[in-house]
Amino acid sequence: MTVADMALSVQDLEIALVGTGRPVPVVTGVSLAVARGEIVGLVGESGSGKSLTSLAVTRLLDPRVARVTAGSVTLYGRELLDLSEPAMRTVRGKEIGMIFQNPMTSLDPAFTAGYQLTSVLRRHSGLGRRAARVRAVELLGLVGIADPRRRVDQYPHQLSGGMRQRVMIAMAIACEPKVLIADEPTTALDATTQAQILDLVKTLAGTMRMATIITTHDLGVVAEVCDRVAVMYAGQVVERAGTEQLFYRPRHPYTERLLRSLPRVGAARQLAGIPGQPPRAGHFPVGCRFATRCGYATESECTTAVPVLRQLADDRSARCVRTGELELIGVDA
Amino acid sequence: MSTLLSVRGVSRNFVVRRDMLGRPQDLVHAVDDVSFDVEAGATLGIVGESGSGKSTLGRLAMRLIEADGGRITFAGHDLRALPPRQLRELRPAMTMIFQDPYSALDPRWTVGRSVAEPLRVAGSTTAAEQRAAVVEMLRLVGLEADAADRRPGAFSGGQRQRVVIARALITRPRLVFCDEPVSALDVSTRAQVLGLLRDLQRDLGLTYLFVSHDLGIVEAMSDRIAVMHLGSIVEIGPAEAVSRRYRHPYTASLVSASPAPDPVAQRARRRVVLAGDPPSPVDPPPGCAFHPRCPLAQPICGKRKPPLRIGPDGHAVACHVTNGDPGLIGTALLSHMTGADRLLVRTPNVAKGTAS
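First to last, the protein sequences are chains A and B.
Throughout, our numbering is defined as the position within the first sequence, counted from one, plus 266.
Throughout, our numbering is defined as the position within the second sequence, counted from one, plus 164.
FYI, nobody ran anything at the bench for these hints, they're computed from the structure.
As the structure is a computational prediction, the values presented were derived from the model and not from experiment.
Warning: the hint list may mix true and false statements.
[Said to hold, decoys possible] Only part of the chain B face toward chain A is listed, based on derived beta-carbon distances under 10 Å:
#, residue
1, D201
2, A204
3, G321
4, G322
5, V351
6, S352
7, R354
8, Q356
9, Q365
10, I381
11, V382
12, A424
13, Q430
14, R431
15, A439
16, G494
[Said to hold, decoys possible] Ranges of calculated distance between the beta carbons of each label pair, as one might list FRET restraints:
#, chain 1, residue 1, chain 2, residue 2, range
17, A, A301, B, D183, 57 to 65 Å
18, B, D183, A, Y421, 18 to 26 Å
19, A, R546, B, D363, 25 to 33 Å
For each residue, glycine too, the CB sits at the ideal point set by N, CA and C.
Only chain B is shown next, with the shape it has when bound in the complex (with noise of 0.2 Å):
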C-alpha cells in the first residue's frame, strides 16, 4: 500500500487574548508538532477528549485551516504550497462529514440539491450528470431515489447523516475526513452507519481519518489509532496494539474508563481514577502535559517533553516512564496504575463531610 496522506510536524496555535496593541497574549496550541500517515485505503482513528486537538489536527491535514509550521503531502502534492487554484482542484479528493446531521444539511435545500451541490462547486458536470450521480450516490448511501426531492425535515438522524455522507462521497473523494460522524446518533442507528461508512470505503476504496471522543467506536473503525492529549500524540499504531497493548498511561485511563457492556467486567475492574481536571490548554504543564495527572510521574516528566519513540511494530509512544520499562504494557500498565500498595487511586473525600 501507498501512503495517501502524510503530515510532519504540523503546529497550530490559536489566539484567545490580545493586549490592547493586538499584540498575542495567550495562545492556545490546539495542535504541537503533530507527524502521521495515512495508507490509501486504510483508516486512521484519532482518539482524544474535547480540547485535544483532534479535530483541528484533521482539518489543518486537510488545509481547511492554515498550519502555523510542518508539511503536509497529499497524493503527491505538498499541500501547504499550493496555490489556491490547484488546492481547489484537490478539493473534490478530500472531503469531509460532520458531526451533527442536523446543522449540516440546510433545512430549506432538498437533499437533492444538497447532495449535488459539490459537483456544481466543482464544475464541469452538466444539471443531468448531476441528477445520475445523486441518484446513483442515494442508492449506495441505502436511501431511496425518492429521497432527493424530500427535504431534511422529513429524515431522521441516521437516514439525515446517510444524506451527508452522499454529499461528501459525491464527488468521488480519495481522502474523507469523518469528524465524530456517529456522535450525534442513537447507539442503534450509530452501527448502522458505521457498518454504511465501513462498507463504502471497501467498495469505493476509500482513505479515512476518522475522530472520536469514543475508543470503543475508533477502535471498530480504524487500522491505525493516535491517541491525542492536549495537541499532541502521545500514542500511535496499529489499532490491536494500541486498544490492547497500549503504552501511554493517558490511553490506559481512556481504556479503564471506556464503559463495557458488561457489569460483572466493569465492576471487578480497576480504574484509573484521574487527579484534578485536565489542564487547560491556554497554560498547559511544562514537559509531558499528562504528568499532572498521571499516576506514574517521575521528576522528568515535569522537565521534558517526552518524544514519540517508534518501537519495531510501527507503535509509538511518548512517555519517559514506559519507554524505560517494556513490561509496562496493556493490563499490566493499568494494574500498575492502579496498584493498591501505591495507594494511587484517588477517590472523592465522601468520608470527611458527613452527610447525617
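Bound-form chain A, shown alone (with noise of 0.2 Å):
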C-alpha cells in the first residue's frame, strides 16, 4: 500500500519539548500509516512520546510545551500539520474523533450528556436543535448506554466510569469520522469495564470502516483490538509489526523484554523486568537508546551509532542492528 491509500499517515514526525532555553527533542523520526478499517495500536511506557504523538496527530500539543520541529501528517494525503487553527477545528470532531483516558476530566461537570453530544452535532453536522436530540439519544443506543432517553439528560456525575467513557465514545464518533484516535482509552477502567469498552472500539471501527489508533501501555489491549503495533521505547518507533507476529516472534530486545514484564492469569510464570530505567528527554544516548538496558547490546556495535528503523521480511521492521543474528523469544502461542 502506498501513502495514499492510508486514511492517516504519519512520516518522520519530530516532536521537541519547548519552554525555557533550548528546544529539547522527545519525539524523533516517527512514522506509522493506519488503513481504513484498521486498528493500531501505538505502546509504550510513560516517557515513550506516544501520547505526544497522537496529540500532535490532532494538533492538541500546547504550544507552551511541545511543539512539532519535522515530519508530516496527512488524511488522506491531504497535509494537516499545514492548516490554519479554523480549519483544523473542523478536522478535528468531523474527521478525526478524540477518546482520552480520563472521561472524568473530558467531559464538562456542568452539562448533560445530552447538551454535549448535541453541541458537537450542531456545530459539525449543521442538524437543528430537534434532530441532534434525536440523533444524540440515538448514538448513546449505539455505544450501548442502556436507557438513553433518560441518561441523556443526565450530568457526568450521576453516570458511571463505564458508561462516561461511552458517551466520550459517542461524541467521537457523533459525525461519523473517518480517523478515530483513543488515547489510553480504559487505563482509568476496571479490568470488566475495560473488557466491555475495547468490544465496542473494536466494533465501531470496524462497521464504520474508522482507522483507529489506540496508545496504551498494556500490550493486553494490543493483543485484545489491534490489528497491527507499533512499540516506541524513548521517542523512538523500534519495532512496528502485525499483531501476532509481535507477540510470537519480537524483532527487537525491548519488545522481548516487555513481553516477559507481563503477568498471565493462569500461567504462573515468572515475571522478568527490564532493568534500569529509560533515558530521558535531553538525555538520550548516542547510539541506540535501548542498549544500556540491553542484554544483547554490545560495544562496538551498539553503543556509537544511531540505528535505523531497518525494513525486514513480512511488511516489519525493527530498530536494531543486531535484529538478524538474535533469536527472540515471543509468548508461547
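Using the hints, put the two chains back together into the complex; each one sits in its own frame.
Structure (C-alpha cells):
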C-alpha cells in the first residue's frame, strides 16, 4: 500500500519540548500509517512519546510545552500540519474523532451528556436542535448505554466510569469520522469495564470502517484489539509489526523484554522486568537508546551508531542493528 | 506454619449522607462480615475492582481504621481490644506500602530522613543507629547509599517505590500491607519491584497482605487469593485454585476480562460480558450482590446471601449455583457462563442505530 492509500499517515514526525532555553527533542522520526477499518496500537511506557505523538496528530499539543519540529501528518493525502487553526477545528470532531484517558476530566461536569453531544452534532453536522437531540439519543444507544432517553439528560457525575467513557466515544463518533484516535481509552477503568469498552471500540471501528489509533501502555489491550502495532521507546518507534508477529516473534530486544514483564492469569510464570530506567528527553544516548538496558548490546555495534528503523521481511521493521542475528523469544502460542 | 493474622467477621460501614438531625441516612457497607487468615511468611492476595472494599479491608486488618464489629488477632494480640499505648508499640511490626510513590514521600525531605522516620517515631534508637539502618535498608532495596542524601525529585517512579519499600521495612515488620504497590508504575518497572518484594519476603521472612485490582499480578505474588466483590469475599483459596479452578461467576468474569498477552488465545476465547454497570455500594442488591449481572443467577440469588462454603482444600466459594454443581469449575464454568445456546452474551446494541 502506498502512503496515499492510507487514511492517516505520519512521516518522520519530530517533536521538541519547548520552555526556557533550547528546545529538547523528545520524539524523533516517528512514522506510522493506518488504513481504513484498521486498528493500530501505539505502545510505550510513560515518557516514550506515544501520547505526544497522538496529540501532535490532532494538533492538540500545548504550544507552550511542545512543538512539532519536523515531519508530516496526512489525512487521505491532505497535510494537516499546514492547516490553519480554524480549518483544523473542522477536521477535529468531524474527520478525526478523539477519545481520552479520563472521561471525568474530558466531560464538562456542568452540562448534561445530551447537551455536550448535541453541541458536537450541531457544530459539525449542522443539525437543528430537535434533530441533534434525536441523533444524540440514537448515538447513546449505539454505544451501548441502556435507557438512552433517560441518560441523555443526566450529568457526568450521575454516570458510572464506564458510561462516561461510552459518552466520550459517542461524542468522538458523532460525526462519523474517518479516523479515531484513542489515547489510553481504558486505563482509568476496571477490568470488566475495560473489556466492554474495548469490545465497543473494536465493533465500531469495524462497522464504521474508521482508521483507528489506540495508544496504550498495556500489551494486553493490543493483543485484544489491534491489527498492527508500533512499539515506542524513548521517543522513537523501535518496532513495527502485525500483532501476532509482534507477540510470537518479536524482533526488537525491548519488545521481547516487555512481553516477559507481563503477568498472565493461570500461567503462573516468573515475571522478568527490565533492569534500569529509560533515558530521559535531553539525555538520550548517542547510539541505540535501549542499549544500556539491553542484554544483547555490544560495545562496538550498539553504543556508537544510531540504529535506523530497518525494513524486514513480512512488512515489518525493527530499530536494532543486531536483529538479524538474535533469536528473540515471544510469548508461547 | 502458624497464623500471623486472623480476621473474623469484620465489618465497616461509612456514612455518606446524614439527615438534618445528623442521623445517618445512607451507609456504604465497605466491608461486610469478612473473615480470613494469613500464615506467617505467606502472601494473601486480595483482588477486586474499585469500590470492592479491598483497601478498606487491609486498613481494617491493621487497625489503621476502626472496624464496626468482628475480631482481629495479630501475633497473638487481640488487635481491636488493644489499648492505644500497646497498639503503638505493635505498630513497627505491621507497616504499609502505598500505591503512589509520588505522593507517599515528602518532596522536601531527603530520602534518608523519610526512610528513618518510622525509627524516630518508634524511639529507642540513636541517630547513628538510624543512619546505619537506613544505609543497610537502601542496599537491601537496591539503591546506592548516597541515595539517602537526595530528595525524591531525583528519582524515577520505580526508584521512589524502592524508597517507600525501604521505609516500610526499616522497623523490621512481620506483616506488610501492600496496597496496589505497582499500579502507578510502568510495566517494565513493575516486574522489577514485584521481584524485589518477593526477594525481601524470602530474605526477611515477611508476611504480605497484597491488594491489587490486577488478577495477573495478584496471582504472581500470592500463596492464597481472596476475591472481593462489593464488601464481601466471594471466593478464597490457594492461588492456583482460585486462578485456574475458580468457582465463583464473578471470579470467572475477572479471569475472562484479564487481558492475556497472546493475541490468538485472546481473540479465540469466549468472554463473559457482564450486563449493565457495577451495583452501587450504597444500595447493594439484596441476596448475592453479584446476581443482577450474573448470567447464572437463579431466583434464590436475589433473596438470600450465599454463605462462603469451604471445600476440602481450603478453597471457599459464596455462590448458590456453583456450590450446588461441582462441575461448574474453571473453564467449564466460563463456557457455561458464555454458552451460546443460552444466548447469555450481551453485546452493545450496535446493529440498531445506523452509523450510515
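task = Compare the structure with the hints numbered earlier in the document and write down the numbers of the violated ones, lowest to highest.
result = 1, 2 and 9
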